[in-house]
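Asker: Let chain X serve as the given structure and place chains B and C on it in line with the hints.
Listed here are the chains, written in short residue letters.
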Amino acid sequence: MQSEMSVSLWRGGEDGAYVTYKVPERANQTVLDVVTWIQRNVDSTLSYRFACRVGMCGSCAMVVNGRPRWTCRTHVSKVAKNGALQIGPLQNMPIIKDLATDMKPFFEKWQSAKGVFEPSKTRHDPIEEIRPDTPERVAADAAVECINCGVCYSACDTVRWNGDYMGPAALNRAWSLVNDVRDSGQAERLQAVASGGGCHSCHSHQTCQQFCPQSLNPTAAIAGLKRRTVQAYLKGDLKK
Amino acid sequence: MTALLLNHRRNILWFAAMVHRLSGIGLAAFLPLHFLVLGMAIGNGENLEGFLRWTDAPLVKFAETGLVFLLLVHMLGGLRLLLVENFSWRDGQKLMALAATVMSALVAFAFLIRVF
Amino acid sequence: MNVRLYLWQRMTAAAMVPLLIVHLAVIFYATRQDLTAADILSRTRGSVAWALFYGVFVAAAAIHASIGVRNILVEWTPMRHRTAEIASIGFAILLGVLGLRAIAAVVLP
Chain X
1 MQSEMSVSLW RGGEDGAYVT YKVPERANQT VLDVVTWIQR NVDSTLSYRF ACRVGMCGSC
61 AMVVNGRPRW TCRTHVSKVA KNGALQIGPL QNMPIIKDLA TDMKPFFEKW QSAKGVFEPS
121 KTRHDPIEEI RPDTPERVAA DAAVECINCG VCYSACDTVR WNGDYMGPAA LNRAWSLVND
181 VRDSGQAERL QAVASGGGCH SCHSHQTCQQ FCPQSLNPTA AIAGLKRRTV QAYLKGDLKK
Chain B
1001 MTALLLNHRR NILWFAAMVH RLSGIGLAAF LPLHFLVLGM AIGNGENLEG FLRWTDAPLV
1061 KFAETGLVFL LLVHMLGGLR LLLVENFSWR DGQKLMALAA TVMSALVAFA FLIRVF
Chain C
2001 MNVRLYLWQR MTAAAMVPLL IVHLAVIFYA TRQDLTAADI LSRTRGSVAW ALFYGVFVAA
2061 AAIHASIGVR NILVEWTPMR HRTAEIASIG FAILLGVLGL RAIAAVVLP
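Chains as they are written, first to last, in the numbering used here: chain X, 1 to 240; chain B, 1001 to 1116; chain C, 2001 to 2109.
Just chain X, same shape as in the assembly:
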């Protein structure tokens, strides 16, 4: 007989509850496989997000046994406790339904941290040569592989406690652009991340670094922004 495991999923909106399902255990099962099995075999109204299933797109993050994770790359055998899984939606974002959250505030903060590349050249200019061993490129490289999954944002208590705080992902993105020598929007970016909800609200809990599925270190990126904005402030480059 095939053995089963007990899987609790968050069902409903903000006032929902966990509902427990029995799911057959299989070898090499991921957490996303388990959620998909329930949706296909038990309740087709279950809402959740995924796309690539190979850890590139960043859509399938959920809170698994209390920790936010990318579910497509998380094996059940690694995280199940006594054969049980509890899977909830990401935290610090409004729940739409079941395991799907409204990530709008998360992405709006990318905008307010000026996480958009501002080109300094046109398509008629030659492509700028960026040497891989320059300090700026090395710093940008360390921050650039973010997949926007929201795991760090869900795990950040500073976000939880301070609704204005932009959060690790948006600030990490700002840091990669601060180190992009082709970008022309640095003054506005430093101004934005030096404001009330910006990098200075970070308490260096390093939870973002600990949970980042891409092994990025947003705490280090935010520390870089703290230094860069202080320099700009002391030079009088920031307004106010």
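No lab work stands behind these hints: they were computed from the structure. Among the hints, a few may not be true.
As the list claims (entries may be wrong) - These stretches of chain X come out as covered by chain C in the derived footprint (C-beta under 8 Å, 3 or more residues):
1. 29-40
2. 216-230
Said to hold, decoys possible - Calculated from the model, a selection of chain C residues having no Cβ within reach of chain B, i.e. all distances over 10 Å:
3. 2043
4. 2049
5. 2089
Bear in mind that the values here come from a model prediction, so they are computed numbers and not experimental data. Built from N, CA and C at the ideal position, the CB exists for glycine as well.
Answerer: Okay, now just chains B and C, sitting in the frame of chain X:
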């Protein structure tokens, strides 16, 4: 029921941040009292002398040891943060936070032995 | 917290590290069993050096602590930012006034 799951707090550095914050609150609450006591020295210092004799009580000595610990753990924990924020990145912050706490406890213990 | 508050809080923090080490040495020294209030006051009264040392210390502590209190009020209480700022400015003034009074009591001859 809420979807609140807080296992992400099982993190030494999260606890270090809480120790830093709570020790800060403790010190902020203590400072006005500390200043009021020193203000007793106005005049000939007899009031202060009376207070200093009161601090010979064992319970007060334990409380003072607690304050020395709060001061040290806040200072060393804060020093760790200043290093994280102002110098290039160093791994091993959990170890640093633990070392700061252990060192604070040792110095506070030395204080306790000294006052008894 | 914005860059201005951050800078003030971290600068006062850094400034207090050496001050605290001296202060801790004073604490260890002053807890000798037989030290009386008169002994302490005879060393501090009229000392410009101690007045300056603790004057800087009180100012730094008042700034540092009140910014910390502001951040805690913002994060852990439902207080509005403006209210938290007013409360922490009040706390800074309280610490400054009581601290300077304490220094005056100990160093004025």
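Asker: Determine for every hint whether it applies to the structure shown.
Answerer: Against the structure, the hints:
no., hint, result
1, 29-40, "violated (count 0)"
2, 216-230, "holds (count 3)"
3, 2043, "holds (12 Å)"
4, 2049, "holds (17 Å)"
5, 2089, "holds (14 Å)"
Going down the numbered hints, you'll see the structure goes against just number 1.
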